[in-house]
Amino acid sequence: MLKSATVPAIASSPSARPDPITVEVIRSFYQSTARQMRNTLVRASFNPIIYEMIDFSLGIYNRDAELIAEGPGIPFFMGTLTFTIRQVVEYLGVENIEEGDVLLSTYPYWVGSHSQDAAVIRPIFVAGKIFGYTAVKAHWMDLGAKDIYATDTTDIWQEGLQLFGVKVMKRGKLDREIVDIVRANTRMPDSVVGDLTAQISCCNYGAQRIGELVKKYGAGTVEQAAIQILDHGERVARQAIAAMPDGEWSVESSMDNDGIGQDSVPLKATIRISGDEITVDTTGSAPQQVGPVNSPFPSTVSAVRLVMKMIIGPNYDANEGFFRPLRVISPEGSIFNPKAPAPVFLYGWAAMIMGESLFRIVAQIAPEKSVARSGGDLGGVMFSGHLADGSYFAGGADEGCGQGASQDRDGENALILYSLGESSNVPAEIMEERWPVLVEKYELWQDSAGAGKFRGGLGVRKQWKALIDLKLIGTIEQTKSPAWGVDGGADALPNDMLISAGLPHERRIGKVSGWALPAGERLLIQTGGGGGWGNPLDRDPALVLKDVIGGYVSLESSQRDYGVVITGAEGSYALDMAATEATRRQRKAA
Amino acid sequence: MATQTQSTGTRFAIDTGGTFTDIVVLDEAAGTFTMDKASTTPHNTLEGVLAAIDKAGVDLRKVDRFFVHGSTTALNALLERKGVRTAYLTTRGFRDVPEIMRYNRPEMYNPKYHKPQQIVPRELRFEVTERLNARGEVLEPLDEAELRATARKIREADVSTVAVCFLHSFKNSVHERRAREILLEELPDVSVAISSSVVPEHREFERSMTTILNAYLAPVVERWIGNLQRELTRRGFAGEIVLTKSDGGGMTAEAAKGSPINMLFSGPAGGVIGGLYLANVLERPNLITMDVGGTSFDIATIKAANAGTQRELKVNGYPILISTLDIRTIGAGGGSLAGIDSAGALYVGPRSAGAVPGPIAYRRGGTQPTVTDAFVVNGFINPDNFLGGNMALDVDGAIAGIREQIAKPLGLEVNHAASGILRIAMSHMAEAIRSMTSETGDDPRDFSMLCFGGGGALFGAHLMDELSLPAAIIPILPSAFSAWGMLMVDLRHDVVQTIAQRLDGTDARSLEGQFATLERRGWEQLVREAVPEDRRQLFRSADLRYAGQEHSVSVPVPSSLDGPDSMSKLYEAFQSVYESVYGYRLGAPADIVTLRVKAIGKIPAPALSPIERGGPDPEGARKGRRTVHDFLESEAREFRIFDRARLKAGNVIVGPALIEEATTTTVVRHHHTCAVDSVGNLIITRR
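In order, the protein sequences belong to chains G and C.
For the first sequence, counting from 1, position 333 maps to 333 in my numbering; every step adds exactly one.
For the second sequence, counting from 1, position 505 maps to 505 in my numbering; every step adds exactly one.
Bound conformation, chain G alone:
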């Protein structure tokens, strides 16, 4: 230890609460350690779903598995590992966990998502007792499922290898038998075992750093500081909730289907605010489904937590304290709290859709914090096939959608869904370099946005041609539920996928597994626009003219939806203000 590491007397007394300066230094250390754990994982992981799509979640927890600091991963997993740690530790028995053990779970009902999201947990020991945990779950390429991705499973055993909670390291030593079980249950053993190793390194790194922190300040001080960090998060959240009105509001949404049947699946959420506390209750949503769209309760909670953070604390590093004033209620046996072994492969969609619907309530009670709805989906398509030399390949891409307008600005065009954060597209040049496809069109989808005083953002139209015979998996949702507008703003166009586009046998399908797309045929994806905000007849006619000149809005739509009269031909469009005012007056009177 350094001579310079002496801590000022005001912070060194174990009985005293650490002063606010020490608390801030320790908070900053925790946050930075979580970010460095993320760097360690990204650097060492083997698969692009982790190092490019950032499909993981990690954090540092106290001995009660309360989140102290989270590394930036996929936003949708906000705070999810608390559940996992508690379940796995309870299952194994805390008395059976020893220093140097590292735990592994793939059980969806504890991990909170599908079995591919393997969770690794490292208990941190101080003086022979558990002081806290580091934990990470990350999406493996393939683990024991009927296919690498699936939209039509009916139980969890079709979806992946189930491990409740096993010690992948025992007292610091890797358990070869556990690693072998994993290795034997995947089509991509090197990638998966590599990712497991990266996750262990990530947790060990975090645990080591927390060990250094404890050595420097003493366990008592660090523990007290953590209590203050959580209490501070709680105060931040309570202040923000208290600023919102008390009351109870409900919102409904729905999924197109459950991947097996054709019926739409109703979703419902109720927000109750009382003083500085908030409850989100999904009672009234559909029961658990036959198909894989069920959302294990931890994912339901994560989705709600993400929306809460986006609304009241986008710049605050969330911790367990921040979420204390939030209660999530989902009846057991419902789609938001299913019972094993209900299938969960597409666990994310129901919660993402319900989560986004909460913005509709916020638009009423705190409009300045809200936005109209986005296109609401990822436009996800995967495809596979055999190249001329007989080798197998698999590829795929997600698409962005139009974003909802806010009360003072148009929605953004073509962004990834709110729950996916830093996920990116696959550029056309990269698609064609990697896979036998030819991209023919990649553009903004004119008129896809909801009209409004502020209009929504546009979705995209992407058309590509198969150059060899392909098999498709599509996960397109919200093809029947367009983005809603707010305060008189119009709905947008919903998501749409056409297979064999332009041919007599073209088909409109959302969720599909193993569909054949022969060489030479096309796929057209159109992602939904965002909803509008405010009456389109109140939109500044100059902005409508600008949209027509840019081609975001067609001439027909400017007249039909906005009551704006534009004269002249392309290249010399001009506003007829008198006719516009007359049209708008007449429409408003009607």
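Warning: the hint list may mix true and false statements.
Simulated DEER-style distance windows between Cβ atoms [claimed, not checked]:
hint, chain 1, residue 1, chain 2, residue 2, range
1, G, R507, C, N110, 35 to 43 Å
2, C, E231, G, L555, 50 to 58 Å
3, C, T129, G, S572, 21 to 29 Å
4, C, V527, G, L503, 57 to 65 Å
5, C, G563, G, G514, 44 to 52 Å
6, G, R171, C, P470, 29 to 37 Å
7, G, G93, C, P558, 58 to 66 Å
Derived by calculation from the structure, the hints in this document are not laboratory data.
Each residue gets a CB set at the ideal place from its N, CA and C atoms; glycine is no exception.
Could you slot chain C onto chain G? The hints should help.
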């Protein structure tokens, strides 16, 4: 040209910062440096540059080389959207690529996140029928009649420049080149930039954006450089102007006019260039450079006397495919604001008081305590010596600000509150360094730290302890070190070509031919810049990745690829670089993605002249003593005060001590010693 003359005259460098325009002048015969500062003139930075030259009293007739860096002309034009009206032409079906961008949300939790505003409005984005496939083969020929019709539309749109980017043009530029010919025929007054010559790399969005920004900014930069040349010529300057680039190299004024994107982020590069020079001189090949300014803390690593670079720069949300030094920035500096948030926690930064209103102690209207105020309150900064005594600091104001806004609400002594501000600022800095090294898998303890900027010398000793670094080094002229570093720059040009193909299907002879073509282009550029042959250098590298991965690593390539095993050697070199970055090797097939040639034109660096030698005893430079509250200690201590200008080579200062110079103060903690080296650098180590 002046590059060929021997170094006998004067050269000087100018760094335009947010507040000050720094000038450092080197008298090459004497080997001595002098510095001055003028106020930055944001409306037209040229005024500040000329004011600095006047202030320093430089006789321009004797100057053979003038270096400008941190030239904010291109960056300001981009931020203020003052480029020229630009049209965009692309493959049919793809005109929205610059607006779709990549879908990602850099502000993950902001439901109202917006992309940066479009540079080319949608109605100025045009399409033409043509198509290549991923191998660069023509699927559909360029429709020339259609293009001529489109050109007429572009003429009506009254643009100054057209950026052209066709799919896969980096593999085969035939359509882009033909399109340029046609556009120039149809639009003789408009300039045309094609992506295959600006940046022949794959990924259509990044390539198109780079091409668009270059076209958009070129006329602005050309005008600025023209004005600079005219003003200098008027004052008798007959030497050569060199501008620094984001990658730490230099380019001549003529090269800069056609390549404004390379100037966008040259600001922080000077410090790293100076660091590279000192890494060799001091024989400390591993350095972390840290620059503490008023608003930001910039860090970079130098490993084995090489600075880390990245292949993409992000400016204001836009990606630009150019090589750039890997410099990380956090919002922590002398102006960082301290306060207590609504839920009762103490924070420091990232918001800054900037130059105006500035810290309370500066008497420019600042009312909220800053890091600088905390240094003043705890005795680190001599209120009578600030800016060489030209600015009287308001110590009482700083004390009152910290007492009322921080100490009282938290129930602390005022000095403890000031210590708290400094501890928090320092821990943010330490964590930024840990984050940077954890990304590259480095251990900070293997690095010495080079501290500069107005606040670097104040934080260096504490950061050295916090991170267990072996030494902290305070160079000469620390507060103008970025300008100083500029004097050490070499000309540099990167020539690149994406090929994106499997390595095991690549023939050594054809690869050799492609590298030779790139080398010829780099060489010709150096010839145009009149670099003598013995100072021209070429370096090859290639970006390789495992097949199917997105991320590639940069692998050095030998200057000649011959012999039967040259490709297997390249594969082996790739695996070994990959392992050093990611910690493992896959043994899987690799892709060779991009070929790069770095063409260097060496500019002879000046020799540093030794300062007067003395014995270990520094008492001759002693000014007095002062009570200082070291912010990692609970009790105040007496620090001895030294005047840096009077220190001699060989002096050894035993802490606790402060070493004062006009624009900064160096802290030597109680368990440190500080040695003065032969040229006047301060080397702090633990006892």
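Now the hints, each set against the structure:
1. G:R507 <-> C:N110: 35 to 43 Å: The hint (35 to 43 Å, Cβ to Cβ) holds, given that R507 (chain G) and N110 (chain C) are roughly 38 Å apart.
2. C:E231 <-> G:L555: 50 to 58 Å: Once the Cβ atoms are compared, 52 Å apart, the range 50 to 58 Å for L555 (chain G) and E231 (chain C) holds.
3. C:T129 <-> G:S572: 21 to 29 Å: holds (25 Å)
4. C:V527 <-> G:L503: 57 to 65 Å: Cβ of V527 (chain C) to Cβ of L503 (chain G): about 58 Å, so the range 57 to 65 Å holds.
5. C:G563 <-> G:G514: 44 to 52 Å: Since the Cβ atoms of G563 (chain C) and G514 (chain G) sit about 49 Å apart, the hinted range of 44 to 52 Å holds.
6. G:R171 <-> C:P470: 29 to 37 Å: The hint (29 to 37 Å, Cβ to Cβ) holds, given that R171 (chain G) and P470 (chain C) are roughly 35 Å apart.
7. G:G93 <-> C:P558: 58 to 66 Å: holds (59 Å)
In summary, the structure agrees with every hint in the numbered list given earlier.
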